[in-house]
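Colleague: Respectively, the protein sequence lines represent chains A and B. Just so you know, our numbering puts the end of the first sequence at 113, numbered straight through with nothing missing. Just so you know, our numbering puts the end of the second sequence at 228, numbered straight through with nothing missing.
Possibly wrong hints are sitting among the right ones.
Simulated restraints, written as ranges between beta carbons of each label pair [as the list claims (entries may be wrong)]:
| # | chain 1 | residue 1 | chain 2 | residue 2 | range |
| --- | --- | --- | --- | --- | --- |
| 1 | A | Lys81 | B | Glu116 | 11 to 21 Å |
| 2 | A | Thr11 | B | Gln154 | 14 to 24 Å |
| 3 | B | Arg193 | A | Lys76 | 21 to 31 Å |
| 4 | B | Ile151 | A | Thr44 | 31 to 41 Å |
| 5 | A | Ala39 | B | Glu181 | 23 to 33 Å |
| 6 | B | Leu228 | A | Lys81 | 26 to 36 Å |
| 7 | A | Glu9 | B | Glu198 | 18 to 28 Å |
No lab work stands behind these hints, which were simulated from the structure alone. Cβ coordinates follow ideal geometry from the N, Cα and C atoms, glycine included.
This is what each chain is made of:
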Amino acid sequence: GQNIDQPTEMTATEGAIVQINCTYQTSGFNGLFWYQQHAGEAPTFLSYNVLDGLEEKGRFSSFLSRSKGYSYLLLKELQMKDSASYLCAVREGGGSGNTPLVFGKGTRLSVIA
Amino acid sequence: EPEVTQTPSHQVTQMGQEVILRCVPISNHLYFYWYRQILGQKVEFLVSFYNNEISEKSEIFDDQFSVERPDGSNFTLKIRSTKLEDSAMYFCASQEGKYRAGELFFGEGSRLTVL
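Let the sequences and hints guide you as you build the complete structure.
Modeller: Next up, the structure:
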């Protein structure tokens, strides 16, 4: 079975830092992805973790703990344009690089002035 | 920057009609996917395609759905005899290769409305 949980909604202030958590229970694990999706648009890739630890990419960082089935996406210096849904997705399977991604329901982030 | 393109951007159809959604993946990519997203819900996997055949398909991808890559560039999703519940945004995605990070690049989507 597969279960990916993330908060439904979050609100944060412009310039602040926000952390979006994701927990997962899946059959096998071959990487965790974060995507950003603005309303009515396609998901766009933000980050990828396959080993434990923190991956940093500009204002965005993503953390993974495989033993805890846990990840978070950290957004720093929030801007109004960061208002979007953030999707946590897991690639299941035992090593195949093209096993489909399974998406969580997404966290809708609202950045306020 | 290379991108996945999808047509049409929006299609309205009557229940029971056939619909074909088209996608042009990024040219050097090897793996192709269709996902759908019903309004307000999560992105759901439909089918993956590699080397001119289906790799995996979900429970959603029943006999009314089919995919093909007729000419080496286009990747199509056909929905036979559409139902009201097929109304959704359909996203095509492609992936470069098996051993990279393997992120999926999504097209802008085709919004299907079944009346």
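Colleague: Against each hint, give a clear statement of whether it holds in the structure.
Modeller: Results of checking the hints against the structure:
{"no.": "1", "hint": "A:Lys81 x B:Glu116: 11 to 21 Å", "result": "holds, 20 Å"}
{"no.": "2", "hint": "A:Thr11 x B:Gln154: 14 to 24 Å", "result": "holds, 21 Å"}
{"no.": "3", "hint": "B:Arg193 x A:Lys76: 21 to 31 Å", "result": "violated, 48 Å"}
{"no.": "4", "hint": "B:Ile151 x A:Thr44: 31 to 41 Å", "result": "violated, 20 Å"}
{"no.": "5", "hint": "A:Ala39 x B:Glu181: 23 to 33 Å", "result": "holds, 31 Å"}
{"no.": "6", "hint": "B:Leu228 x A:Lys81: 26 to 36 Å", "result": "holds, 35 Å"}
{"no.": "7", "hint": "A:Glu9 x B:Glu198: 18 to 28 Å", "result": "holds, 26 Å"}
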